[in-house]
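In the order they appear, the protein sequences are chains A and B. Taking our numbering, I'd label the letters of the first sequence as residues -9 to 71. Taking our numbering, I'd label the letters of the second sequence as residues 9 to 357.
Worth flagging that the hints you see were computed from the coordinates, not collected in a lab. Be aware that one or more of the hints could be misleading.
[Stated by the list, open to error] Simulated crosslink set (DMTMM-like; lysine to aspartate or glutamate; CA at most 25 Å straight-line):
| no. | chain 1 | residue 1 | chain 2 | residue 2 |
| --- | --- | --- | --- | --- |
| 1 | B | K237 | A | E7 |
| 2 | A | K5 | A | E20 |
| 3 | A | K1 | B | E41 |
| 4 | B | K169 | B | E41 |
| 5 | A | K25 | A | E47 |
| 6 | B | K300 | B | D45 |
| 7 | A | K25 | B | E199 |
| 8 | B | K330 | A | D28 |
| 9 | A | K5 | A | E60 |
| 10 | A | K5 | B | E199 |
| 11 | A | K5 | B | D217 |
| 12 | A | K25 | B | E321 |
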Amino acid sequence: MIVKVLGSGCKNCLKLERVTRQALDELGLEAAIEKVTDYPTIVGYGVMATPALVIDERVVLSGRVPPTAEVRDLLAGAPTS
Amino acid sequence: MTIAERVPTSTRGRWGSLTTVAALWAVAYWINEHIWDLLFYDLLEMSPEARLTESLHFFFYDTVKIALLLTGIIFVITVLRSYMSIERTRALLGGRREGVGNVMAAGLGVVTPFCSCSAVPAFIGFVAAGVPLGVTLSFLIASPLVDVVAVGLLLSLFGVKVTVIYIGAGLGIAIVAGWVLGRLRLERWVEPFVFETRLGGELIDSTADLTFSQRVQMGGEEVATVLRKIWPYLLVGIGVGAAIHGWVPEDFFTTYAGADTTFGVLVAVLIGIPLYSNVAGVLPLVGALYDKGLPMGTLLAFMMAVVALSLPEMILLRRVLKPPLIGVYLAVVGSSIIAVGYLFNALLG
Chain A
-9 MIVKVLGSGC KNCLKLERVT RQALDELGLE AAIEKVTDYP TIVGYGVMAT
41 PALVIDERVV LSGRVPPTAE VRDLLAGAPT S
Chain B
9 MTIAERVPTS TRGRWGSLTT VAALWAVAYW INEHIWDLLF YDLLEMSPEA
59 RLTESLHFFF YDTVKIALLL TGIIFVITVL RSYMSIERTR ALLGGRREGV
109 GNVMAAGLGV VTPFCSCSAV PAFIGFVAAG VPLGVTLSFL IASPLVDVVA
159 VGLLLSLFGV KVTVIYIGAG LGIAIVAGWV LGRLRLERWV EPFVFETRLG
209 GELIDSTADL TFSQRVQMGG EEVATVLRKI WPYLLVGIGV GAAIHGWVPE
259 DFFTTYAGAD TTFGVLVAVL IGIPLYSNVA GVLPLVGALY DKGLPMGTLL
309 AFMMAVVALS LPEMILLRRV LKPPLIGVYL AVVGSSIIAV GYLFNALLG
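Only chain A is shown next, with the shape it has when bound in the complex (with noise of 0.2 Å):
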């Protein structure tokens, strides 16, 4: 599983990562979590608005930091390749 965060590092941003990796552990999954910081890239994601989380290439939420349990079920909820 490819696990991305996009943001230009601000505050949110961080946040996201850090949720994100208390997921992960919580799942005990083992995953990398990649941070996208470089503007045209993120847009190239179609996101405009940031922080954002991709997981395996798909958007799966942007703009806002969720709760740990609604990041697990995400990360739960995607297929496994």
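On the provided structure of chain A, position chain B as indicated by the hints.
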């Protein structure tokens, strides 16, 4: 534990706890009106006329009042605005011509949930999707200038008339400045990569499929985030306001910056540009200055300069705009604000 995890998920429990919180809020607001009179005048037996008492009373009363107002306003507005999204705004603006586009962009700038930290991706996303530069700038000017939190605070602190003037002036500036900047054909001063960006991926709407409790959770998170970020500004703003309230002589400001002084607005805007604060930090100060007889036009211009023209925002925009365009942007928006200041001093003075 985040706020969301404490929000009950059943519908009845959720409405129940929302009602309870609203009731607690109202009680706290009511107590604040009386508790400081009781503490300072009755318990500590301080004289209501003494300067120190006046300043202390102003400080504590205003801090609690503004914190409560902010909490309520930010929460309600975040939940309401979560029904709009930046993606929908772009869809509405796509293919609009200048003129109509500027008017729509300014209006949408007010109601779209938007954080200045997303200014760059939003700018690229708009321009790459074919929204004209001037229309995009109208959106980016209106969003911080007619900040909904500012509007809510103004309404509670200064009443309907000032608030309507503020909204009208802010929208007017965003429309006119965006239109002028569009007419100037400044595309050559936009970083070229913006036009080369390919919009890919499947577009997702950032707020479309949220449940109501997710929106409530967003509201709670937003209140916490904003208060954590702005409390130093708030305390400094109220502190300076309190000092002015108690110590600055009545006629000090009217002598040096009254409606009849030529340079009042100009000076206010020049002081306001480098000052970076949140609107919540500026308003207590504006309130204290207004009580001392400073004209509303000058104060509105000061407030607008502080919130709309800030160094951090310019540094962000530098990623997509070349320095000459940033210079023109500052000049056009700055002079619009100055014009509005003089206009309202003349109309209201």
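Here is how each hint holds up against the structure:
Pair hint B:K237 plus A:E7 holds up; C-alpha atoms about 19 Å apart against a cutoff of 25 Å. A C-alpha spacing of about 19 Å is found between A:K5 and A:E20, which places the hinted pair at or below 25 Å, so the restraint holds. Distance restraint check for A:K1 and B:E41: the Cα-Cα separation of roughly 35 Å exceeds the 25 Å cut-off, and the hinted pair is therefore not satisfied. Among the hinted pairs, B:K169 with B:E41 is consistent with the structure: their alpha-carbon atoms are about 24 Å apart, no more than 25 Å.
Distance restraint check for A:K25 and A:E47: the Cα-Cα separation of roughly 13 Å lies within the 25 Å cut-off, and the hinted pair is therefore satisfied. At roughly 22 Å between alpha-carbon atoms, B:K300 and B:D45 fall within 25 Å of each other, so this suggested pair holds. Proximity of A:K25 to B:E199 is assessed by CA-CA distance (about 23 Å); at most 25 Å being required, the pair is judged to hold. For the hint pairing B:K330 with A:D28, the CA-to-CA distance comes to about 18 Å; that is within 25 Å, so the pair holds.
Note on A:K5 and A:E60: the hinted pairing holds, with a Cα-Cα distance of about 14 Å set against a maximum of 25 Å. Of the pairs offered as hints, the one joining A:K5 and B:E199 is violated, with about 30 Å between alpha carbons and a cut-off of 25 Å exceeded. Between the alpha carbons of A:K5 and B:D217 the distance comes to roughly 22 Å, so the proposed pair stays at or under 25 Å and holds. Taken as a hint, the A:K25 and B:E321 pair is honoured in the structure, with Cα atoms around 23 Å apart against an allowance of 25 Å.
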